[in-house]
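A.B. asks: Residue numbers (this note's numbering), protein chains in the order written: chain H, 127 to 251; chain V, 2 to 452.
Some clues are possibly wrong.
What the hints assert, rightly or not - Here are the simulated lysine-lysine pairs, PhoX-like style, with alpha carbons at most 25 angstroms apart:
| hint | chain 1 | residue 1 | chain 2 | residue 2 |
| --- | --- | --- | --- | --- |
| 1 | H | 227 | V | 155 |
| 2 | H | 244 | H | 200 |
| 3 | H | 211 | V | 287 |
| 4 | V | 322 | H | 200 |
| 5 | H | 206 | V | 322 |
| 6 | V | 155 | H | 206 |
| 7 | V | 39 | H | 211 |
| 8 | V | 322 | H | 188 |
Just so you know, these hints were derived from the structure itself, not from any lab.
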Amino acid sequence: MNAPGHLKYTKTDEWFDPATGTMGLSDYAQSQLSDIVFVELLVEPGEQIAAGKAIVSVESVKASAEVFAAAAGKVLEVNKALSDKPETLNSDPYGAGWMVKVEAGQAGDVMDAAAYVKYCEERAH
Amino acid sequence: MTFIPISPGERDAMLATIGVGSLDDLFEAVPASHRFPKLDLPPALSEMEAASQLADIAASNENVREHLISFLGAGAYHHYIPAAVDHILRRGEFYTAYTPYQPEISQGTLQAIFEYQSLMAALTGMEVSNASHYDGATAAAEAVSLAYAQFRGKRRRVVLSPAVHPQYRAVIRTYVRGMGLDLVGDDPQADLEGGPDSLVAAIDDQTMLAVVQYPDFFGRIYDWTDFIEAAHGKGALVCIVANPTALVMLKSPGDMGADVVVGEAQPFGIPLWYGGPYLGYFTTKKSYVHKMAGRLVGETVDSRGQRAYVLTLTAREQHIKRERATSNICTNQGLLALASAVYMSVLGKAGLREVADLCYQKAHYAATELSKIKGYGLCFTDPFFHEFALCCPKPVSDINAHLLEHGILGGYDLGQDYPGLKDHMLIAVTEMTSKDDIDALTAVLSEAPHG
């Protein structure tokens, strides 16, 4: 599983990039969900969001999940392209699969990549 | 029905295992007043005797196929059902009401539902149809659920046309109880004459959905195109409740721009059956499919590249999406959807058109004849399909009692639902109504004393 070192992660499998303010769904989460077929953005630019707020709803062929904000802040941008190409979340969860970008994001309860990898491995057993 | 036989020996063994002396002891914890009472039943009949007694009771039912000339519609219609419908319906392979979960053993049923969906989508001019709902009223209420989910609760107003079937509106109100929605447009004093123009003003920027009927409850036909455009201008969705028989000859709701088209598919191959079970159809645009309730069958290819059918987009349903799902209903009417699909296939485009034409022509003959009778007249002047409101010189219940003596089931008493339409009767005519039937109704009403 892939968990880039410059990102922070939540226990609910979201990532947050403190440098850019972007957030999304982890590689571990996309592989657990399998083929993602539907993405609904639940927030809009300009909205003030709290960490833990549901920002995106995703459906795969066999499951449905909500993605929560890994950080609080004012929404600058949302990745509208995901609605048309939900499979981007499977192919590039940390790049083109970004979901929401916030201004001056305050990370919620997050861990670093090493801790997140360990956390995922523990769950796999 | 599950029948689990149990012998007295087995029962005693079970009681002994749990350490209880008798069945009465087992239920001792239940207060006597809450236990099932002793039934004072006569000695059991043999099967032969019971069948004969039940047949006698059944024979006292009067029905539109054998005894009565019917002019009663109001949402349920007496149409001819080709024998092939029942024949296919009763095949063991199809004889289940449930949607199949196992595609590997259910290709026939899944294909039948897929055909049903395709036919309904073609009929309504919409892009997608679900596998059906319990009845037309449920389907209409599910349209409200779709709109609510689409706007994620940010819009809370629903505009209901007063000319939507009163029972459908009642079901919608039951559905949305506790959701904090604002239902407007159908108060008892609502304008029934104005058509689309009188309703459009009720749509504001908080409106999530407008629900209208086509032809409406009074049989009237309006082109909703401008209304839908105005609603879309406010960002609202529009649901059209439509009679499938009428859609065969009328401009399709899809062509008018409707977002959701629902209705009662009972007219397509399902008997009147004393009010149910019926079949709710639900169609919409592809862009709303993820907010649509119900089962959906899709076409795909299997591992060998052969065409195959499966339930698809199931993650939107409540057994997966839980409390975030649009609806907590995903059951469909599998058997009756099959009946409808067979009905449409057997009649074909030309046959369906002939049914619709006959309904239309005969209804217009009836309207012309009935409005010639002294004291009677057409209530509305708008174009209509196979139903129309007739003003009567006295209470509808009196007229219907008199008609019944002549073997005629009269029309629906509109005064029950619309105080302003006291002494108004809704007359329905289908291809099953002969000219003689219409002439008989005209004759009885003409002779009746007007006191």
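A.B. asks: State for each hint whether it applies.
C.D. replies: Going through the hints against the structure:
1. Our distance criterion of 25 angstroms between C-alpha atoms is met by residue 227 of chain H and residue 155 of chain V, whose separation comes to about 22 angstroms.
2. Simply put, residue 244 of chain H and residue 200 of chain H have alpha-carbon atoms about 31 angstroms apart, too far for the 25 angstroms limit, and the pair is violated.
3. As the CA atoms of residue 211 of chain H and residue 287 of chain V are separated by approximately 15 angstroms, the hinted pair is consistent with the 25 angstroms bound.
4. Pair hint residue 322 of chain V plus residue 200 of chain H does not hold up; C-alpha atoms about 28 angstroms apart against a cutoff of 25 angstroms.
5. Of the pairs offered as hints, the one joining residue 206 of chain H and residue 322 of chain V holds, with about 22 angstroms between alpha carbons and a cut-off of 25 angstroms not exceeded.
6. As the CA atoms of residue 155 of chain V and residue 206 of chain H are separated by approximately 19 angstroms, the hinted pair is consistent with the 25 angstroms bound.
7. Taking the CA atoms of residue 39 of chain V and residue 211 of chain H, the gap is about 65 angstroms. The hint is violated against a cut of 25 angstroms.
8. Among the hinted pairs, residue 322 of chain V with residue 188 of chain H is consistent with the structure: their alpha-carbon atoms are about 10 angstroms apart, no more than 25 angstroms.
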